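Participant: For reference, the chains in residue letters:
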Amino acid sequence: MNFDLDADQRDIAAGARDFFRGSASPAAARAGLEGGALEPGRKALADIGFLGITVPESAGGSGRPLLDLAVVAEQGGAVLAGPSLVTAARAAVLLADAPDLAAQLAEGGAFAVLDGPVDGSAPSVDAADATLFLGLDGGALVVGEGEVVPGRPLDATRGLASVRLTSRRVLAEDAGELWARARQVGAVVMAAEDLGGADRCVQLGVAYAQEREAFGRRIGSYQAVKHMLVDAWVGVEQLRSLVWWAAWAADCNPAELPLAASAAKGCAAASFERAASTLIQVHGGIGFTWEHDAHLFWRRAKVDRLLLGDEAEHLDAVARLAVAGALGA
Amino acid sequence: MDFDDSPDEAAYRSRVRAALEEHADELLRLAPGQESVDARMQEAEMRRTQRVLHEAGLVGVTWPREYGGQGGTLLQQAIVAQELARFRVPALINHIGMGMCGPTVIAHGSADQRDRYLARLLRADDVWCQLFSEPASGSDLAALRTTAVRDGDDWVVNGQKVWTTLAHVSDYGILLTRTDPDRPKHAGLTMFVVDMHAPGVTVRPLRQMGGQSDFNEVFFDDVRIPDAERLGEPGEGWRVALTTLMNERVTIGGAGTAIGAPVEEFARHAGERLPALDPDRQVLARQAVGRAVVAALGARYTGYRRLTVLSQGGIPGPEASAGKLAGTEAAQLMADAGVRLLGDEAVYAATADGDDRWQRTQSWLPGISIAGGTDQVLRNILGERVLGLPPEPRLDKTAPFSGGRR
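If you read the sequences in order, they're chains A and B.
Residue numbering for the first sequence follows the working numbering, beginning at 1 and increasing consecutively.
Residue numbering for the second sequence follows the working numbering, beginning at 1 and increasing consecutively.
Where hints are given, some of them may not hold.
[As the list claims (entries may be wrong)] Here are the in silico distance ranges between beta carbons for each label pair:
id	chain 1	residue 1	chain 2	residue 2	range
1	A	A110	B	G33	35 to 43 Å
2	A	D4	B	P262	19 to 27 Å
3	A	A27	B	G33	40 to 48 Å
4	A	A110	B	L242	28 to 36 Å
[Claimed, not checked] In silico negatives: residues of chain B with every beta carbon more than 10 Å from chain A:
id	residue
5	D4
6	S6
7	R48
8	V52
9	R145
10	A198
11	V263
12	E264
13	A299
14	T302
15	A350
16	P391
17	P393
18	P400
Hints in this document: simulated from the structure, not taken from any laboratory.
These numbers come from a predicted model, not from an experiment.
A virtual CB, placed ideally from N, CA and C, is assigned to each residue, including glycine.
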């Protein structure tokens, strides 16, 4: 039994933490709500190699396991980085047989993966400033350019927009299974980003509860506050276990991926929302101001819980798969 | 990352499996759907089962060899626990003795006590219980009122203990008493080994809300305990009790074994019962099933992370308390969904064909949120010792117990 990160993965996490802390921040997420650019942005993510972690070496990527990408994504989530590594992970799966496009992806090409119909997509991650779109069109995987219709952002770091393809080229017929797997991989990486965000919420909440005083003592000493933070922390630790398991399954036991991905994404929706709500509540009045970072995590949580399948969809999938024997004997 | 055993672990596991197969005929095993056996009914079989397992080297895995143990690792103990569960062997009759009493005797007993007690405990020649909680001191254990008063070479004990698992079949117990009420509550305590067959010890079963009797209350009326049966110095009882409680956490928190039914059994039940529900109810029921499965898997894989710590030679820290908290919640979600999947039969204590697995679990789980550390005490431990939040101010740590509010 060795269910822990290895020394390499811990190094990768430490490097990613340094990179993201130096290149992105909740302040940028706040500025994004008033038109500011995403940070660190595609170019910086490409330059450090994060967009190509799971792209094969033959296509200019690093050819590393999804678990490595999940470890990096967690660190990005902690500072609300954009664009999302979900797009890189999902596109890398879809472009497995299109090395030229995969190379473009790793180099920072402005890709987005469209959910829903390609002639009027659902709000899709990182589509707002993308120029090349991957979509599922009648069972075929297509790539094309498109007309982008963003909505008013609740969380600007997700770059959500609807897209209508204006051109399309078929990359693979009968791509339904590939598409489903890419979406599961995307769900794992989003759960990893949510893990980073939720973990950061607990850290910030704990730090404030350790110093803020009310009624003559620090508020973290009150069980009403303490237990709220503990419940959020327990949720984060459960989520961490499910994210690691799901990423490991994608790499080493693909038959388990559908169950593990849905378990991780369903858990992420609830855990991140609870952690972000707790962060606001622990801070009291300052916690719901524009200046404070709490609402930026809360916004990410409120949006992510609905992307790539909401909690209800993933719980339903977990139930169906478990009943069908996906847990084993 | 790798969920398989290391070569050493795999070899150990296959030795454990072979030993269980070899002795299968001599072991008490649970029937399908059965979770525990009643020591009241099957005491002799339970003692024999432990003795056989001890002879096979599967009892006292982490105990030093000089006391009859195997000198093994915490991970080997976890492997044995997993394999015993897989082989449907019920909890051993001396699980309290091995998990808590024995380690306390090892740490604080005299050489004479260790020689007299430990090997017999592992063989289940003697069964042990832990006499800590009282009617007026549960979570606040240090507020206990059972007194021990020195009289010549003996101490004379009076008072009442409660929630004492296995007291009705026990030969010995570790007993926490107040020996100096004029000192602050934690400072006036002393621990003893008590002979449960001594005059003045009375054991009465407590019937729980589900109808079963896992616990007892124990009365002490002028029970004489020789001073040689003291564990640790007079007034050091709290420190001795902390040894016991830390071992309790290792026992309950580790191993990655589920509380209540395994999630696979829950999934099978859901598969059998879902099709019988109205289609619109099925949608709602699948939400409840999915939520419970996610909680159970989250608890399981978090348990695997703790097991990894053991595998690398570490010991479980206070974060193990999260395992009980999360495992209890998962068990509650599964029991609730498990009962509701029964449809109209969910309002009865058993189905028409007599199956009461889910109802029984439902009525047993409220106790799990309380026993071995309430959910709230666990949250305090996690908040203070893992997250580093400040403790509640306390008024009771410095004042003499006799002058404080009781």
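Participant: Please go over all the hints and tell whether each is borne out by the structure.
Facilitator: Structure-based check of each hint:
Distance hint check for A110(A) and G33(B): the Cβ-Cβ separation is about 58 Å, which falls outside the suggested range of 35 to 43 Å. A C-beta distance of roughly 24 Å is found between D4(A) and P262(B), which places it inside the suggested range of 19 to 27 Å. Hint check: A27(A) to G33(B), Cβ distance near 57 Å, so the stated range 40 to 48 Å is violated. Distance hint check: the CB atoms of A110(A) and L242(B) are about 60 Å apart, inconsistent with the given range 28 to 36 Å.
Against the 10 Å criterion, D4(B) falls within the reach of chain A, whose nearest CB is about 8 Å from its own CB. In this structure S6(B) is not separated from chain A by more than 10 Å, as the shortest Cβ-Cβ distance comes to only about 8 Å. Non-interface call for R48(B) relative to chain A: holds, since the shortest CB-CB distance, roughly 30 Å, exceeds 10 Å. Distance check for V52(B) against chain A: the nearest CB is about 27 Å away, which clears 10 Å, and the non-interface claim stands.
Taking the minimum C-beta to C-beta distance to chain A, about 25 Å, the non-interface status of R145(B) holds against the 10 Å cut. Residue placement check: A198(B) keeps its beta carbon more than 10 Å from all beta carbons of chain A (closest about 41 Å). Residue-level check failed: V263(B) sits 6 Å from the nearest beta carbon of chain A, not beyond 10 Å. Chain A draws E264(B) into its interface by the beta-carbon criterion, the shortest separation being 5 Å against a cut-off of 10 Å.
Its beta-carbon lying about 7 Å from the closest one in chain A, A299(B) breaks the requirement of being farther than 10 Å from that chain. With 10 Å as the threshold on Cβ separation, the claim that T302(B) sits away from chain A is violated: the shortest Cβ distance comes to roughly 4 Å. With a least beta-carbon separation of about 23 Å from chain A, A350(B) lies farther than 10 Å from that chain, consistent with its non-interface assignment. Not every Cβ of chain A is farther than 10 Å from the Cβ of P391(B); the closest lies at roughly 6 Å, contradicting the non-interface assignment.
For P393(B), the condition that its CB be more than 10 Å from all CB atoms of chain A is violated, with the nearest at approximately 6 Å. Every Cβ of chain A is farther than 10 Å from the Cβ of P400(B); the closest lies at roughly 25 Å, confirming the non-interface assignment.
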